[in-house]
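Visitor: Assemble the whole structure, with the sequences as input and the hints as a guide.
Chains as they are written, first to last, in my numbering: chain A, 483 to 712; chain B, 1290 to 1504.
Because the hints were derived from the structure by calculation, they are not lab data.
Note that the coordinates shown come from a computational prediction; the quantities given were computed from them, not determined experimentally.
Among the clues, some could well be false.
Claimed, not checked - Label-pair distances were calculated between CB atoms; the ranges are:
id, chain 1, residue 1, chain 2, residue 2, range
1, B, Lys1355, A, Phe507, 38 to 46 Å
2, A, Gly504, B, Trp1390, 49 to 57 Å
3, B, Tyr1295, A, Ala697, 29 to 37 Å
Glycine is no exception: its CB is placed at the ideal position from the N, C-alpha and C atoms.
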Amino acid sequence: MHTFYFEVLLDERMAQIFPLIGRFFKQELRNSNALFSLGLYLIGITYLIYLLGGNTAADSTWNTLLWVVVFFAAVTQSSRSFELESQDYFYYYQTVAGPGPTIIAKLIFNASYMALLSLVSWLLFSFFYGNSVYDPGVFALGLLLGSIGFSVVLTLTNGIASRTAGNATLSTILAIPLMFPVLKLTSTINVQAMVGVAFEDVLPLLGSLGALDIAIGLLAYLLFPYLWQD
Amino acid sequence: MKGRVYKFAGVALVLYSLIYGLLTSIPELPIIEQSIRNLFYHVSMWFTMVAMMAGSFGNAIAYLSKENLQRDTRSVSLAEVGMLFAGLGLVTGMMWAKFTWGAWWTNDPKLNGSAITVLIYLAYFVLRNAMDDERKRARISAVYNIFAFVMMIVFIGILPRMTDSLHPGNGGNPGFNSYDLDNRLRMVFYPAVLGWILIGTWIASLRYRIRKLQA
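Guide: Right, dumping it as structure tokens:
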């Protein structure tokens, strides 16, 4: 187990990870129905907020609404992460590539998918309400690190929930309190990027969010194999 | 007799902190005044909760490495007692907040941290109830327990230090910074924490034995 984590850094493991990520993406694209429903959800919910509130929202409200939309998109997207390919598939990947690379590939796939979703949400929000972000670079960085944290937590809780007897809401119940640290840090960073703060002042926050992402990613990687040990 | 020493010690320390906590002289600070005595009754609850959760976390790790079901029973018993102390910490804290801040609840990093902690462990019990097979339940809930404990430490131990807070012990409040080094308070506070941890361990061992009899 312990030596395993170092082995992953080796090239041959990397060579196993990338084809898996490619496969996860291909699978997602093939399942175009799910992809469209997610896109429709994003457009629908953004327009609904626009209908109700117009484009007069204050910065903090803008940020809160964006995160609520991203949050539910994340929950919806990740709820399928162990459902789409049945557990047999996951066992198959594990036997072919080993549990470590499979989990890393799944985490990277979910994280990049999440990052894409949050960027699309930001674009939609900018389209409807105007872009009220002063520092897009910091905002994007916060969004990116936040979505990585989101996806790690959600991947783990979905893995846990998929091992219980088909309780659909369980994953969300488990994930919501665990997501708060990431959510809190990210929304603080984003509010600062909206009003515009010196980069040196946001840097500690970005650094701690990055460190938190790495820490929970490692933890999820170490814990994941125990979920499939029957 | 040997196994009972810690119980006597726990009762003695808690009694001492309850009684002497009301009698001891305190530093005179504005706003906080006599309510500073809540340090003995409120803060010790949270310290005990963290200790219980740490015990639960340790037993979860032990379960994953040895697959001994007794470890799982210990883990859940300690988490239950931790929740009890979290409840007591919330009640004592809310009473203090009402008299010092004028509100039962405020949007403060420490308060948010405690609320999230309670939610995290309530979810842990929900998760346990969702599985019937005891080995599977033990393993899956151990995985969640380990992840949850780390997130809890991040939320109650690291994040509040990065933001301003009205809660004593943060920012420019007449809180821990000025009375932290006051030996009169230390003399009651540390025994209180130790005493409550011993009492908590005692309750957890009773829960453990009840669960073993039920099994």
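Visitor: The structure should be examined with respect to each hint, and the outcome stated for every one.
Guide: The hints, checked one at a time:
Separation of lysine 1355 of chain B from phenylalanine 507 of chain A is about 39 Å and conforms to the stated range, judged on CB atoms against 38 to 46 Å. The hint said 49 to 57 Å for the Cβ distance between glycine 504 of chain A and tryptophan 1390 of chain B, and at roughly 55 Å that hint holds. The hinted range of 29 to 37 Å is satisfied by tyrosine 1295 of chain B and alanine 697 of chain A, whose Cβ atoms lie roughly 34 Å apart.
Violated hints: none; the structure is consistent with every hint.
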